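One-letter residues, chain by chain:
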Amino acid sequence: MNVQFREGPGAASSAETSVPAKTAIADCDIHPVRATATELHPFLATRWHEHLGTYGKHPYQGMMEGPPYPKAQPNASRRDAYPPEGGPQGSSLSFMQQQHLDPNNVVLGVLNPLATGQGIRNHELAAAICSAINDWQIDKWTSKDARLKGSIVVANEDGPAAAAEIRKRGGDTNFVQVLLLSRTVEPLGQRRYWPIYEAAEEVGLPVGIHAFGFGGNPITASGWPSFYIEEMVGHSQCQQAVLSSLVLEGVFDRHPSLKMIMIEAGFGWAPSLSWRLDKNWKRLKSEVPHVKRLPSETIREHIWWTTQPMEDPERRDHLFDLIEWVGWDKLLFATDYPHWDFDEPSRVLPPGVSDENREAFYFGNAKKLYGLA
Amino acid sequence: MTSPIAGGVDCDLHPAVPHLTSLLPYLDDYWRDQVTTRGMTDLISQSYPPNSPISARPDWRPAKGKPGSNLADLQAQALDPFGVSFGICNPLFGVQMVFSEDMAVAFTRALNDWLVREWLDKDDRLRGSIVIPLQSVEKSVAEIERCAQDKRFVQVLMLVMGDMPLGKRAYWPIYAAAERLGLPIGIHAGSSYHHPPTSVGWGSYHIEDYVAQAQAFQTQLTSLIVEGVFVRHPKLKMVMLESGFTWLPPYLWRLHKFWRGIRMETPWVDRSPLEIVRSNIRFSLQPVDAPPEPEVLNRLFDHMQSDELLLFSTDYPHWQFDGDVALPDGISSDLVKKIMIDNPLATYTRLKEPVRA
Numbered sequence: 227m228n229v230q231f232r233e234g235p236g237a238a239s240s241a242e243t244s245v246p247a248k249t250a251i252a253d254c255d256i257h258p259v260r261a262t263a264t265e266l267h268p269f270l271a272t273r274w275h276e277h278l279g280t281y282g283k284h285p286y287q288g289m290m291e292g293p294p295y296p297k298a299q300p301n302a303s304r305r306d307a308y309p310p311e312g313g314p315q316g317s318s319l320s321f322m323q324q325q326h327l328d329p330n331n332v333v334l335g336v337l338n339p340l341a342t343g344q345g346i347r348n349h350e351l352a353a354a355i356c357s358a359i360n361d362w363q364i365d366k367w368t369s370k371d372a373r374l375k376g377s378i379v380v381a382n383e384d385g386p387a388a389a390a391e392i393r394k395r396g397g398d399t400n401f402v403q404v405l406l407l408s409r410t411v412e413p414l415g416q417r418r419y420w421p422i423y424e425a426a427e428e429v430g431l432p433v434g435i436h437a438f439g440f441g442g443n444p445i446t447a448s449g450w451p452s453f454y455i456e457e458m459v460g461h462s463q464c465q466q467a468v469l470s471s472l473v474l475e476g477v478f479d480r481h482p483s484l485k486m487i488m489i490e491a492g493f494g495w496a497p498s499l500s501w502r503l504d505k506n507w508k509r510l511k512s513e514v515p516h517v518k519r520l521p522s523e524t525i526r527e528h529i530w531w532t533t534q535p536m537e538d539p540e541r542r543d544h545l546f547d548l549i550e551w552v553g554w555d556k557l558l559f560a561t562d563y564p565h566w567d568f569d570e571p572s573r574v575l576p577p578g579v580s581d582e583n584r585e586a587f588y589f590g591n592a593k594k595l596y597g598l599a
Numbered sequence: 027m028t029s030p031i032a033g034g035v036d037c038d039l040h041p042a043v044p045h046l047t048s049l050l051p052y053l054d055d056y057w058r059d060q061v062t063t064r065g066m067t068d069l070i071s072q073s074y075p076p077n078s079p080i081s082a083r084p085d086w087r088p089a090k091g092k093p094g095s096n097l098a099d100l101q102a103q104a105l106d107p108f109g110v111s112f113g114i115c116n117p118l119f120g121v122q123m124v125f126s127e128d129m130a131v132a133f134t135r136a137l138n139d140w141l142v143r144e145w146l147d148k149d150d151r152l153r154g155s156i157v158i159p160l161q162s163v164e165k166s167v168a169e170i171e172r173c174a175q176d177k178r179f180v181q182v183l184m185l186v187m188g189d190m191p192l193g194k195r196a197y198w199p200i201y202a203a204a205e206r207l208g209l210p211i212g213i214h215a216g217s218s219y220h221h222p223p224t225s226v227g228w229g230s231y232h233i234e235d236y237v238a239q240a241q242a243f244q245t246q247l248t249s250l251i252v253e254g255v256f257v258r259h260p261k262l263k264m265v266m267l268e269s270g271f272t273w274l275p276p277y278l279w280r281l282h283k284f285w286r287g288i289r290m291e292t293p294w295v296d297r298s299p300l301e302i303v304r305s306n307i308r309f310s311l312q313p314v315d316a317p318p319e320p321e322v323l324n325r326l327f328d329h330m331q332s333d334e335l336l337l338f339s340t341d342y343p344h345w346q347f348d349g350d351v352a353l354p355d356g357i358s359s360d361l362v363k364k365i366m367i368d369n370p371l372a373t374y375t376r377l378k379e380p381v382r383a
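Residue numbers (my numbering), protein chains in the order written: chain G, 227 to 599; chain F, 27 to 383.
Rather than coming from a laboratory, the hints here were simulated on the basis of the structure.
Only some residues are given here: those of chain G computed to face chain F with a beta carbon under 7 Å:
| no. | residue |
| --- | --- |
| 1 | Asn443 |
| 2 | Gln466 |
| 3 | Glu513 |
Everything numeric in this text was worked out from a predicted model, so none of it was measured.
Every residue gets a Cβ at the ideal spot worked out from N, C-alpha and C, and that includes glycine.
Sequences are here, hints too, so could you generate the full structure?
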């Protein structure tokens, strides 16, 4: 998020203002959107069109349309990201290329569709929509632009169905990760989700966990707060509970080659959470004998972090301390295009970073993690 | 090792009610009868199972009874060795878990009277926190006003996980009363268990609940700041007790960034979250969730950009440290004095006032 207080005719796209040729980057969080409500129909059985038309999605929250907390912008997206041909922001490949991929020299863009079958109470419907979204990613995006790679979205509350979808897509090079959302019915380390991790490890894909979603639980341990900002900030507390659960249930002890990515949930909290887990694991080991290693070591080895919205302390040396503790080799640059809190690539890292770390941050880590040449 | 200095304030001590029946002398006939006739069980919160390692340090665990239930032990193990002038008692008896507001009123009133009689009357160094029946805001205010007449009560105590986010306007009469009476609001780790302890439901383990306390403090700070509690009550101090503090800087960077981005949603918030925390929020020292290396801890203190935020605590009898190392290694003597003496006295202004008018 690059907060701008002044807007004028000169504040158009960054492409017009930047001068030198930009170095290649990976953008590990791009949100593709459907242009119309019927765009998914070719990939979805008639039964489910009719079902959706009659009953709606029936998610783990009350609103028939839109999110429970109104966003700060229409569709939580940049006002300058509406495609000229119409449709919501993020729904046009050509405009995404023109506004973002080309000018920012994105050579790898990871797609994370958010409005899918996840967070739906009817699990059969959830699986059908997720599978359709995966077909749609190939049809509309990855087959049309080789820079873009998809995420296998799965019915996250139905472990066996999710595992089947992962195995079905696992060998397909259109996809580079499995995508879950953080707000689930139970903490993601719990048994109902284990088939997902088993399948992901088997097909050799990392699992990305993107902040957001619906699982029926309030975003605080004291119930529902009043404001959108509380939900936005709360995602990073939610993600801490998710990661604690994954570590303390022994998911990484059972799946030693599993890699996970915390997407859009911040990474500033990683050190303090790791220290807190370590301290209490030493005291309370006897309760969790299946956890064999120091939690901080597990986190350091198995977890990657996307950068947007970038941690933004007043002092640059504080940011560098933080990244030293998390690991320069574990950060994956992301813009969150087309969302309003987009991080402009050229402004994210302050001066004072070595060329090697800069390259890893913007591209090298992603290339290695996703196994791309 | 960093040595404590004499004359400090221990801001987080946990005297334990031996059993619900210990409160019988402080209940009226109706509630005494209810407790006995219905065979009510003890109110022990699963936040602190009595036999869990974190609930009592091995050498602070009594031969019998609950850890923290014996005054002589508390004196010999906490007050004397750290040479404190004051120790603030924060009872964690599970009165917040009950659902009936009438029952909560009876039990909190009894608990506060028990604290005065069994602890504060028996050692001049001890001070108390007023436990309130949060099931009713009106009755909470009444209990604050009743207890505040005794100057040995120096704060109001709430738990970090309750029925609603703490910034909600419904709770503001409590904050108005506290500000008027010169009482900080202490927010302690623990839950009423009226909601799951995380935003993704119920974890499997005790350790998960305990780790999650830190995230609950974070969401409560957001609520308190963005709802505008400190705009309405600029003199009100709140103390995060047993919260951990190493999460604070990155948490604030994030809150600050989003506040800048979407402050139009809460336009009454007239100062940045960073400024609000520096002026109105304090943290007890223990637990120190940091690696043992002093250089890392000193970087963390630098990230906090203030030496006024921390208040000395042992968290007795909880097991946060071994031996005498209540203060982490490598901190300066200036900071020790701030943490042990200056910051607590500036926060708990009643400590400087005479106990009897």
